[in-house]
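In the order they appear, the protein sequences are chains W and G.
The first sequence runs contiguously to residue 283 in my numbering.
The second sequence runs contiguously to residue 307 in my numbering.
Hints were generated in silico from the structure; no laboratory data involved.
Beta carbons are placed, not taken as given, at the ideal position from N, Cα and C, and that holds for glycine.
Check each hint, because a few of them may be wrong.
[Unchecked claim] Straight-line distance between alpha carbons at most 25 angstroms, and here's what the computed BS3-like set of lysine-lysine pairs gives: (1) G/K59 - G/K71; (2) W/K282 - W/K230; (3) G/K126 - W/K7; (4) W/K7 - G/K75; (5) W/K93 - W/K230; (6) G/K126 - W/K16; (7) W/K282 - G/K242; (8) G/K207 - W/K93; (9) W/K282 - G/K207; (10) W/K7 - W/K17.
[Unchecked claim] With beta-carbon atoms standing in for the labels, derived distance ranges: (11) G/L189 - W/G24: 21 to 27 angstroms; (12) W/S212 - G/R173: 41 to 47 angstroms; (13) W/G263 - G/D21: 43 to 49 angstroms; (14) G/L179 - W/L27: 47 to 53 angstroms; (15) G/Y88 - W/A216: 57 to 63 angstroms; (16) W/G24 - G/Q8: 47 to 53 angstroms; (17) G/R128 - W/K230: 46 to 52 angstroms; (18) W/F14 - G/R173: 37 to 43 angstroms; (19) G/W52 - W/I21: 33 to 39 angstroms; (20) W/G15 - G/G118: 34 to 40 angstroms; (21) G/R173 - W/A216: 41 to 47 angstroms; (22) W/K7 - G/D21: 55 to 61 angstroms.
Read off the chains here:
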Amino acid sequence: MFLIQLKHELWKLFGKKRTFIGFGVFLLAQNVVVLMFRFSKASTGIRRALEGGGYPAADFITAETIATIVVIPIAYLLLPLYVALVGGDLVAKEAEDGTLRMILARPVSRVRLLALKWLAGSLFALLLSVCLGVFGLAFASLWFPQGGLFATQIDGDGPRGGFSLFGASEGLWRYTLAHLLLATKAVSVMGLGFMFSCFNMKPAAATILALSVLFANGILMNIPWFADYKGWFITHHLNLWQWVFLQPAPTTRIIESLCLLAGFNVTFFAVGAAAFQVRDIKS
Amino acid sequence: MIQLAQVQKRFGARLAVDALDLHVPRGAVFGLLGHNGAGKSTAIGMLLGQVWPTAGDVKVCGHDVLRDRAKALAKVGAIFEAPVFYDYLSGRTNLEILSSYTAPTSPARIREVVAWVGLTGREDSKVRTYSHGMRARLALAQALLPGPDLLILDEPTNGLDPEGIHEMRETIRRLHAELGLTILLSSHLLSEVEQLCSRIAVMNQGKKVFDGTLAEARRAQSWVRLRTSDLGAAVAELRAAKLVVAERDDGAIALAEGAATSDVVRRLVELGFPVHEIATEKPTLEDFYLSLMRQGTPDAGRRTAEA
């Protein structure tokens, strides 16, 4: 029965056009960036960095490298926006439309309903992350050869501006793992939006609140004098997917952040469920 | 089927429902009357476990809604004033989705209910293409899918055109006659309640001010039109004789309990008042309802037929 209800939640979610905005914008953004790299001098900087270090540029200006470059700004800006939008909609939109009252006239418990919605939202977040990886690589492969992976260090412990190089198979493996870990970021941001959505507020307010929390965390985390407290900010742990591109990958830190994100998600759900449980659902 | 005992609901400082006792017996078509904001929808929300009562007990189908909501609502269908659905999905998908929150429903059962409400042929169209009347029928279908024993209808004819209202009224009659459902109908439309319900409760400012059969409501206050030479003096004499309890500006009088028009005529003739006309007005639910509302403070007008 739970699976049937989950299937129905997915029908509801994927029946809405706005659910596909993220996929559409990813397709567009990825194509634009890939084409710019192909038909402009944008790859000159990569070539210079590689050749300056004595590496053959042709081996690393590849589909994997371009796809990885494309994913970084999207993962920072667009992905949180779309998953927060869906998370913020999950409960609040149904409450706003009045369908929540129709559902809660039936003998389904509120916690079960929230579990279904959270799971549907998480599957969406997972799918969006996977599609981001697959689309990126597919489009980059149309214009660039397969090969090694050149990845700049955005949020590692190493010096900024540094980079890592991987062979073809290891590069592909790291690219895949990064996107699977990116799904944990997507699920967590969705969960944050979902938590606010459980309160008595408009869907847009839930989305804006979730993004505000993220941005505020990001701002605080990037104040140089707060560097010692990085671990306190959720945004730091949401970046764990990038650590896969460090050489060697900090496995312990990744596992630690995964555990913390699991804790954050449980907390988001518990807070949302508690707020939703005590709410009066009225027209 | 429904039992509310001393139920209270407070939203902040506002008391939305106060000390509400309600008993809806199995098989009844029970009307819950009251103007907008009287507390009807809040009471229904508490019946369905959507609104948490501040105090009191709420039982549906013999089960406490707060402690055992799943059992209490297993055989309950509900329709709300504005039927809302997932517009971007088909009618059939909407029915599948909503019914799955109660129990698995077979395609045959969905076909049966769709046919019952007269939506056959349109069930695969997107709900956004439905008229208001069709949405109302879809709302009815989703309420009927679990095979309910109790149907809760919260202002079901709101927004319908006269034809739609008539159709909904006939459907409610059929539901009661053919399926033997217990129906709780919340409405502020007196004619609707008058035509459908055998028993009513009236709410005003969150309080129940009447509970009884329609016949009791009509009997509760009947007016007699009287024309005589000096109405004021005649009424004063009748009041003194404890035959009349109230009078209206248009010359209508309300008889005391046990008093008959023949007693009034006899007394007036004895006192020498000529009686030009005396006739009992056919009491309507509207008269009764308005008299309850005019009384303002609910306690002042409390009339419980059971009492």
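- Message: Which constraints among the numbered hints does this structure fail? Numbers only, ascending.
- Response: 2, 5, 7, 8, 11, 12, 15, 20, 21, 22
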